[in-house]
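Colleague: Sequence:
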Amino acid sequence: AGLKVLLSACDTFRAAAVDQLDMWAGRAEVDIVKPAEDRNEKPATVLFRSLEVAVQGEYDVLIVDTSGRLSNNMALNEELKKMKRVVEKQLGREPDEVLLVVDAMIGRNAVDQARTWKEE
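Residue numbering for the sequence shown is 1 to 120, as defined by the UniProt record's numbering.
Hints are not guaranteed to be accurate.
[To be verified] With a straight-line cut-off of 30 Å between C-alpha atoms, the simulated DSBU-like cross-links for lysine-lysine are:
| no. | residue 1 | residue 2 |
| --- | --- | --- |
| 1 | Lys-81 | Lys-4 |
| 2 | Lys-4 | Lys-84 |
| 3 | Lys-34 | Lys-81 |
| 4 | Lys-82 | Lys-4 |
| 5 | Lys-42 | Lys-81 |
| 6 | Lys-34 | Lys-4 |
| 7 | Lys-84 | Lys-34 |
| 8 | Lys-42 | Lys-82 |
| 9 | Lys-82 | Lys-34 |
| 10 | Lys-84 | Lys-42 |
| 11 | Lys-89 | Lys-4 |
| 12 | Lys-42 | Lys-89 |
| 13 | Lys-34 | Lys-89 |
| 14 | Lys-42 | Lys-4 |
[To be verified] Computed beta-carbon distance windows for the label pairs:
| no. | residue 1 | residue 2 | range |
| --- | --- | --- | --- |
| 15 | Thr-45 | Gln-20 | 18 to 24 Å |
| 16 | Lys-82 | Asp-112 | 37 to 43 Å |
| 17 | Thr-45 | Met-74 | 18 to 24 Å |
| 18 | Glu-37 | Glu-97 | 18 to 24 Å |
| 19 | Leu-100 | Ala-28 | 17 to 23 Å |
| 20 | Ala-15 | Leu-91 | 15 to 21 Å |
| 21 | Gly-2 | Asn-109 | 22 to 28 Å |
| 22 | Asp-103 | Ala-15 | 32 to 38 Å |
| 23 | Arg-27 | Asp-103 | 18 to 24 Å |
| 24 | Gln-20 | Val-61 | 39 to 45 Å |
These are calculated hints, taken from the structure and not from any lab test. None of the values given here were measured: they were computed from a predicted structure. Every residue, glycine too, gets a C-beta built ideally from N, C-alpha and C.
Model the full assembly from the supplied sequences, consistent with the hints where possible.
Modeller: As C-alpha coordinates, then:
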(Lines of atoms letter the chains of each structure in order from A and count residues from 1; the text may use other names and numbers.)
(Lines give C-alpha, C1' and ligand atoms only; values in the text may rest on other atoms or scores of the structure.)
Protein backbone atom coordinates (compact mmCIF):
# COMPACT_ATOMS: atom_id res chain seq x y z
CA ALA A 1 0.00 0.00 0.00
CA GLY A 2 1.14 3.49 -0.68
CA LEU A 3 3.33 2.54 -3.63
CA LYS A 4 3.78 4.93 -6.53
CA VAL A 5 2.70 2.96 -9.62
CA LEU A 6 3.17 3.69 -13.31
CA LEU A 7 1.49 1.80 -16.15
CA SER A 8 3.13 1.39 -19.55
CA ALA A 9 0.71 0.87 -22.45
CA CYS A 10 2.85 -1.28 -24.76
CA ASP A 11 -0.04 -3.11 -26.45
CA THR A 12 0.12 -1.15 -29.67
CA PHE A 13 -1.57 -3.92 -31.64
CA ARG A 14 -5.07 -4.43 -30.23
CA ALA A 15 -7.55 -1.70 -31.07
CA ALA A 16 -8.62 0.18 -27.94
CA ALA A 17 -6.05 -1.57 -25.72
CA VAL A 18 -4.43 1.74 -24.80
CA ASP A 19 -7.81 3.36 -24.15
CA GLN A 20 -8.86 0.45 -21.94
CA LEU A 21 -5.65 0.59 -19.89
CA ASP A 22 -6.00 4.37 -19.65
CA MET A 23 -9.49 3.90 -18.21
CA TRP A 24 -8.17 1.47 -15.57
CA ALA A 25 -5.29 3.82 -14.75
CA GLY A 26 -7.85 6.54 -14.11
CA ARG A 27 -9.93 4.31 -11.88
CA ALA A 28 -6.88 3.19 -9.92
CA GLU A 29 -5.57 6.76 -9.81
CA VAL A 30 -2.16 5.80 -11.21
CA ASP A 31 -0.12 7.39 -13.97
CA ILE A 32 0.25 5.92 -17.45
CA VAL A 33 2.67 6.27 -20.35
CA LYS A 34 0.93 5.82 -23.70
CA PRO A 35 2.15 5.56 -27.28
CA ALA A 36 2.40 8.77 -29.27
CA GLU A 37 -0.94 9.99 -30.60
CA ASP A 38 -0.33 8.52 -34.05
CA ARG A 39 0.02 5.12 -32.33
CA ASN A 40 2.79 4.07 -34.72
CA GLU A 41 5.25 3.81 -31.87
CA LYS A 42 6.81 0.38 -31.31
CA PRO A 43 6.25 -1.30 -27.93
CA ALA A 44 9.97 -1.15 -27.07
CA THR A 45 9.92 2.61 -27.65
CA VAL A 46 6.95 3.07 -25.32
CA LEU A 47 8.75 0.91 -22.75
CA PHE A 48 11.94 3.00 -23.08
CA ARG A 49 9.99 6.20 -22.42
CA SER A 50 8.14 4.51 -19.54
CA LEU A 51 11.40 3.50 -17.89
CA GLU A 52 12.67 7.08 -18.17
CA VAL A 53 9.49 8.39 -16.54
CA ALA A 54 9.62 5.69 -13.85
CA VAL A 55 13.22 6.45 -12.90
CA GLN A 56 12.91 10.23 -13.08
CA GLY A 57 9.58 10.20 -11.24
CA GLU A 58 10.87 7.80 -8.57
CA TYR A 59 8.07 5.28 -9.11
CA ASP A 60 8.09 2.12 -6.99
CA VAL A 61 6.40 -0.10 -9.57
CA LEU A 62 6.21 -0.11 -13.36
CA ILE A 63 3.59 -2.41 -14.86
CA VAL A 64 4.07 -3.04 -18.58
CA ASP A 65 1.05 -4.19 -20.58
CA THR A 66 2.01 -5.97 -23.81
CA SER A 67 -0.09 -7.41 -26.59
CA GLY A 68 -1.19 -11.02 -26.54
CA ARG A 69 0.85 -13.54 -28.44
CA LEU A 70 1.13 -17.20 -29.27
CA SER A 71 4.25 -19.19 -28.44
CA ASN A 72 4.69 -20.15 -32.10
CA ASN A 73 4.80 -16.53 -33.35
CA MET A 74 8.53 -15.89 -33.40
CA ALA A 75 8.26 -12.21 -34.40
CA LEU A 76 6.15 -11.41 -31.33
CA ASN A 77 8.43 -13.46 -29.10
CA GLU A 78 11.43 -11.55 -30.42
CA GLU A 79 9.59 -8.34 -29.53
CA LEU A 80 9.38 -9.50 -25.90
CA LYS A 81 13.08 -10.33 -25.90
CA LYS A 82 13.83 -6.86 -27.24
CA MET A 83 11.72 -5.32 -24.49
CA LYS A 84 13.63 -7.30 -21.87
CA ARG A 85 16.91 -6.01 -23.34
CA VAL A 86 15.56 -2.44 -23.12
CA VAL A 87 14.86 -2.94 -19.41
CA GLU A 88 18.28 -4.48 -18.81
CA LYS A 89 20.04 -1.64 -20.63
CA GLN A 90 18.04 1.13 -18.92
CA LEU A 91 18.20 -0.31 -15.40
CA GLY A 92 21.45 -2.27 -15.60
CA ARG A 93 19.66 -5.41 -14.43
CA GLU A 94 16.86 -7.80 -15.31
CA PRO A 95 13.23 -6.95 -14.51
CA ASP A 96 12.30 -7.70 -10.90
CA GLU A 97 9.34 -9.81 -11.94
CA VAL A 98 7.74 -10.97 -15.17
CA LEU A 99 4.17 -12.25 -15.16
CA LEU A 100 2.57 -14.20 -17.99
CA VAL A 101 -1.20 -13.82 -18.16
CA VAL A 102 -2.98 -16.45 -20.23
CA ASP A 103 -6.57 -17.22 -21.09
CA ALA A 104 -7.69 -20.33 -19.19
CA MET A 105 -9.91 -21.23 -22.13
CA ILE A 106 -6.86 -22.29 -24.16
CA GLY A 107 -6.36 -25.25 -21.83
CA ARG A 108 -3.16 -27.27 -22.12
CA ASN A 109 -1.73 -24.78 -24.61
CA ALA A 110 -1.32 -22.32 -21.71
CA VAL A 111 1.22 -24.68 -20.10
CA ASP A 112 3.05 -25.03 -23.41
CA GLN A 113 3.16 -21.24 -23.81
CA ALA A 114 4.53 -20.76 -20.31
CA ARG A 115 7.17 -23.43 -20.87
CA THR A 116 8.24 -21.84 -24.17
CA TRP A 117 8.63 -18.36 -22.65
CA LYS A 118 10.49 -19.69 -19.62
CA GLU A 119 12.99 -21.44 -21.90
CA GLU A 120 13.54 -18.27 -23.91
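Colleague: It remains to establish, for every hint, whether it holds in the given structure.
Modeller: Hints versus structure:
1. Lys-81 with Lys-4: holds, 26 Å
2. Lys-4 with Lys-84: Roughly 22 Å separates the two Cα atoms, so the pair holds.
3. Lys-34 with Lys-81: holds, 20 Å
4. Lys-82 with Lys-4: holds, 26 Å
5. Lys-42 with Lys-81: holds, 14 Å
6. Lys-34 with Lys-4: Distance ~17 Å between Lys-34 and Lys-4 Cα, so the pair holds.
7. Lys-84 with Lys-34: Holds, at about 18 Å.
8. Lys-42 with Lys-82: Satisfied, since the Cα-Cα distance of roughly 11 Å is no more than 30 Å.
9. Lys-82 with Lys-34: Between Lys-82 and Lys-34 the Cα gap is close to 18 Å, so the pair holds against 30 Å.
10. Lys-84 with Lys-42: With a Cα-Cα distance of about 14 Å, the restraint between Lys-84 and Lys-42 holds, given a limit of 30 Å.
11. Lys-89 with Lys-4: Within the cut-off at roughly 23 Å; holds.
12. Lys-42 with Lys-89: Since the Cα atoms of Lys-42 and Lys-89 sit roughly 17 Å apart, the hinted pair holds (cutoff 30 Å).
13. Lys-34 with Lys-89: Holds, at roughly 21 Å.
14. Lys-42 with Lys-4: Distance of about 25 Å is within 30 Å: holds.
15. Thr-45 with Gln-20: 18 to 24 Å: For Gln-20 against Thr-45, whose Cβ atoms are near 20 Å apart, the range 18 to 24 Å holds.
16. Lys-82 with Asp-112: 37 to 43 Å: violated, 23 Å
17. Thr-45 with Met-74: 18 to 24 Å: At 21 Å between Cβs, range holds.
18. Glu-37 with Glu-97: 18 to 24 Å: violated, 31 Å
19. Leu-100 with Ala-28: 17 to 23 Å: holds, 21 Å
20. Ala-15 with Leu-91: 15 to 21 Å: violated, 31 Å
21. Gly-2 with Asn-109: 22 to 28 Å: violated, 39 Å
22. Asp-103 with Ala-15: 32 to 38 Å: The hint (32 to 38 Å, Cβ to Cβ) is violated, given that Asp-103 and Ala-15 are roughly 18 Å apart.
23. Arg-27 with Asp-103: 18 to 24 Å: holds, 23 Å
24. Gln-20 with Val-61: 39 to 45 Å: violated, 20 Å
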